[in-house]
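First to last, the sequence lines map onto chains A and B. Counting from 5, one number per residue, gives the positions in the first sequence under the numbering used here. Counting from 4, one number per residue, gives the positions in the second sequence under the numbering used here.
Calculated from the structure, these hints are not laboratory results. A portion of the hints provided could be inaccurate.
Said to hold, decoys possible - Here are some of the chain B residues that sit facing chain A, going by a computed Cβ distance under 8 Å:
1. Leu31
2. Phe32
3. Arg39
4. Asn509
Just so you know, these numbers come straight off a predicted model, no measurement behind them. Backbone N, C-alpha and C fix where the C-beta goes; we use that ideal spot for every residue, glycine too.
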Amino acid sequence: MYVESDFDNRYKRRLQQKLQRLRWQHWRLDPLLCLALLLLSGVGLTILFSASDGNWKMVIEQSMRLLVGVIIMLILARIPPQRYQQWSAWAYVFSIILLLCVLLLGHIGMGAQRWLGAGPIRFQPSEFLKITTPLLLASWFHEKKSPLAVKHISVALVIIALPAALILLQPDLGTAVLLILSGGFIICLAGLRLRNILFSVSILICASPIIWHFMHGYQRNRLLTFLHPERDPLGKGYHIIQSEIAVGSGGWIGKGFMHGTQSHLSFLPTHTTDFIFSVLAEEWGFIGCLILLIIYALVLFQAFRVAFAGQYRFERLLAGGLCCSFACSAMINIAMVIGLLPVVGVPLPLVSYGGTSLLAFMASFGMIMSIGAHRKLLPT
Amino acid sequence: MKKSLINPHAAKKAFNRRALLLLLGLVLFALLIALRLFMLQILEHKRYTTLSTKNLLTLIPIAPKRGLIYDRDGTLIASNKTSFRVSIIPERTPHMKATLVYLQHLLGTSPSLGKQVLWRLHRHRPYEHVPYLNKLTPKQLSLLSVNAYRLPGVVIDPDLKRQYPLKNIFAAPIGYMTHLSLKHIPAAQRTNYSATSSIGSAGIEKSDEQLLHGHVGAQAIEIDASGHTVRSLTHLAPTPGQDLILTLSTALQKTAMQALGKETGAVVALDPNNGAVLAMASTPSFDPNWFINGFSKAAYQQVFAAKQSPLFNLADHGQFAIGSTIKPFYALMALDQHVISPQDAIFDRGWFQIPNTKHIYHDWKLSGHGWVNVSKAIMVSCDTYFYHLATLLSIYSMDNILQQFGFGKATGVGLSNERCGVIPSPHWKQKNIGRPWYTGDKILTIIGQGFLLATPLQLANATQFLANKGVAYRPHLIQARINPQGQIITTSPVAEPTVHLTHPENWHVVQAAMQQVILNPEGTGEHFGHPPYTVAAKTGTTQLYGHNRDEERSRTNIPKHLRNNHLFIAYAPVNHPRIVVAVIVEHAAQAASVARKVMDRAWLLTHHFQTDVPTRAKKLVHPVSIVSSAHLSKETLALTTLKTHSPG
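Same shape as in the complex, but just chain B:
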């Protein structure tokens, strides 16, 4: 070491002074730390112990019971079936491996199941129920119950599953439930669904999910450092979902489904006095129980491999060209706007030509209908008459007429993703087709072909205006709901904007013509037959296959999927309408007979339309125990739920 130039003694003294000063600083800081520790651990010990205990509160979510769905007569459409599941609570099972082996012998399960469960155990806290086997058979259940004393920590948990006793009858309006994945639930709802395993995916099960699901409950437990239960604390009962009473009638719905049979089509029946949907059928159909209990191979093929998916509810999702069923609406408004008068007649030679053009528009009847006024035009569904009318109306006034009757917008029936149909306009065509508007488009629109599309529900809704002479109610499926307190909350009908005519007698002109559709031998509704009640109706046929008239093919030669669609709208009885029906059958001519069957059934159900369509919903009022929110304060609940979102 080099020789230092500094006086070693003085330097050492100076160093020691500074080091002592530094040491003093460190000691002061250490005292500060000790003081802070004293504050935290002694003075505020109580507060922090409380906070720490709150951390130890764990909530085990309890799934709410899903609301039941009844039809208007109180028939169960959707219920909850109890199935049993055997679970293992690790902290109460002293000999896990022996228990698993015993369970395997008792229940006849495969050895790999035991291994799987053993492997899964690590992912669960000791107090959690680890599922072993779902859907116990009655034999397994009794074997377990008898041997329960040998199986500490093995518990049987009831598990509620959705069940649809009427199978496919209500598939279209009710929809189905699918397995829930928390990823698809909005963050705000995740707590509510923490114990739920399935969620409504279509129909009412989806659109009224909020009402049906209810609110999750919780069992608060206190756990120790190793995660074992120290004691059970409060129990917050779940709020069950609300029961729904639908406007649908099982009898009518069954009739509609049977009438449609194997054909593809849809039926919507409404009560024009309040907009209640009495039947909503769509074929092909499916059994919503498949989604709960699993698909057989045939069922899977039927649902997922079909060209026309049964999951697609044609009644509110299917958009069709509605054909001649649109004619009464145009005729009515043209009469009222003095574009035509009831006496005006044209001579129909079976074809029509726009002046100064070459294209010829044929009537459906090659020979023509002769002299035709508006009443006859509706009765025989004369295309030529309406071609003429189209030249007298602008497309804008035609669209205005459609809008007044509720076309082009969702009816608001309450099902999710209801389709709106299409009201074609020059603007719409330019935007969606990219071509300018031709007069020919107008000619096609007036006979319900071309770009005009509507759903059967919209068609039924529009027919309400004819039945009620300008008044209609928003279609709805839910008549009432029963809240957890057991109170019935009924839905009051909502009136749509009324269609006002300057000459109300025009309603009767059109109604008389629509009655003739059935009564007159020349009328197009001859298939309907002669019912014991008065009916006003209109048929419709839409061409899917543009065949040349000159080489007319025999109808049976056309492949089935290119044959005409048939539509039928009707209401009865004429003076005080009780039911409105809209039917579409694809590629087959049964529309009129389907409508007849549904209306006949309604006639029988209501004692010849004398009484209201029966509602026995009142019998559903049963004492529902009012759920108390236990002793768990909201504050505690909030704190413990927040914990589940904590980072790290």
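Here chain A stands alone, though its shape is the one from the complex:
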């Protein structure tokens, strides 16, 4: 008679665990990350339902986009990271060409040329660059020794500056800022001397008058309004003031789902896109905001774990860069809505209504999962 030994049990359990992981690994997915993303999307759709005054059409449309995003994520997760490194340059060039197309023959949308249309599908190529730029940067720094040499950094700066300039021409300050920030983070992650950081910060301060000179009127107004929202309470400062009223009147637990007066009576500007966080804050209160922040933290934590565990420099840099891009987008949006930063058009990732940004973030999570799942046994 065979007696089940302690060893057998342990073996069985391990086998079961392996089988379990294999099932996820077959899809090269990260279960915890998937769960966090699902949670985030669910919360996003719920807020959108209220923000759009119970407009099912908008919610269904957004769900369809989410579905497309998930499919893209599944596909990208199965592609090994080596492929990304090989394709990085081509992807970058391709997206730059798309961006040029926008400038040349883009449709006019929201006072700026951001859209590129193909039949019923319209998309913003600038969102693609939020992926392809970190991709190229990561592959550029892959074999560069840290701390980086100045010439290597210069090349990286050109890689960032080219799309950033094109996006600023559209003009789309928010996306350009995000691009520059995520690029900067990758450079930092790749290794930068402290004195170089100080040097670039001082250059930025010196260049600020020049930047001011090249800013569009509406961008200048936004900055001025951020500094003094009471300057023009019914004009430029109106958005910030109404948004702060919405957030502030939420209190601990909020006014209740679908009962936010600021959003439903149209005091909030663009409450389905950039200002959707105010809707959440008004209807779900401080608790709701904290829960959303925790979900974001969960997503980031899981994604950063992949970055930490990355086997190659390219993988680490790419995962880290994409994580930073995601984190910046979320934080800049929230900070803007609650009056910590000037109003720039940055969407709340996976919550704001809008397709291209959602697809871009899902794609980046697909790549992160691919990095997490494709592991090799390395000689130690």
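Once you've looked at the hints, dock chain B against the given chain A.
Relative to the frame of chain A, chain B by itself:
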């Protein structure tokens, strides 16, 4: 993947260090966000809740009651008639479609109306009154009232509409009201007019719009996220418009309108003791009620297709050549400046020629008047005498005379767009006609032809100077207004600059001559007849058709619109004048008889000019409830009104 040249372990360690640092930065920023959220949502929650609640206050504007207009005797000229309108409040109507069908059966309205209302509902907030049917008949009103319990959310709103009980009698001075479009209101006034549907477009209704309209009131309500009323808050009653008591007398006005009849013309009667306008008539006329209740086809034709628009008030807008009525003014000042003396006489052969020229100026009487001095010249309206006088005066001194009597400028009666007339001068002619000044222009000016133009109101105003021997008061239409507190605020007369003569007896020379115009069988005012009171008058005739004297046509052959205009100025009684009248009748000779009828009526009204023209305005003092400004603070009001201008 290419083989890395870097020590993988060291690189990973360095990366992790940096990534941790970065993560730390992100966490710090997240904490900052959480802190800010805590500040906004917990610490300052109360303040922001207040602000958010203020956003929820919505003001429903309430239209003020428009001020009434009375004549000097207290007769209502313009009032507000209540009509009833049935409206639907969507948030109180549980079964909208059933309600609309029931209303349709009850009121006998067309099914398309229900569809229209259903379609309009989307544009209204749930608490707003959506109008269904205007101007309910008494039968519809009672049907609705009886069935009110079956129609939750259906309300009957009173609607005040302007009404003019005397129809066309006061059309000229009162003007009319037209539908208001907020586009044409200056931005500062838009809030005040947010509940008003019509606005004064001519006459007193326009010029005193501010007084008559009053100030908008508001009902503050609190709404929830879906726009439904949570509760009614304060009620800020509108400030009603001020009632106006005019100087016009209905009796005189009626007489003037009837006397003018179907002719085109204007009558202005003034009280020379204070400048009060007693009558201001203009024909053809219109009924201002048409603008409120809608035009019939005939009425529309009469108003908008006529050659001479009835909407045009001839009394203050019509600029006419005033003909011989100007002669007493020139004669008076020429006497006073010693250009002529009362005894100076010329022999009138019926024509006049400027020395060294060929052109001949005819007198109106072909045979001439014989020996003529200034008194006779006024009495028989001798043109030749004044042609001579014109050669003695410069055009500048002639213009100066006209200016002294108030010609060439608006009288300031208070009606909008009052015309100024024209005092012709060489400069004026060069600028407007583009030709140099000829002596002939001066000759025409002195008999009130040529380029000289004046309104009947200006003419009446100038006649005041003759009646009062140099004193005149600014013509005014509003005797008093009653403010919302019920106090009567009377208008005090404003004296015009006095005309001083070096020899005051010259007033009497001219006045005696003007009396002879009526009394003397040779006088031109024979049509006036012999009234039981003393009158000083002057006639005037202006030629519109320059016919050749040699082929004199019979007057009846000339088409009506080319026949002469007739004017008449007069005041009575001569010693203590009570009334000044200026009349113009276009293309017909009734001017003198129109003036006679008006003056006779005034004579009767004032008991043979013994008493003042009666004013019973005092009886109008009625207790007007003083409107309290409720409990709605101004601050709240300002905040909520501002909201309506918010962008986005």
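(Q) Hint compliance check: list the failing hint numbers for this structure, sorted ascending. (A) Those not satisfied are hints 1 and 4.
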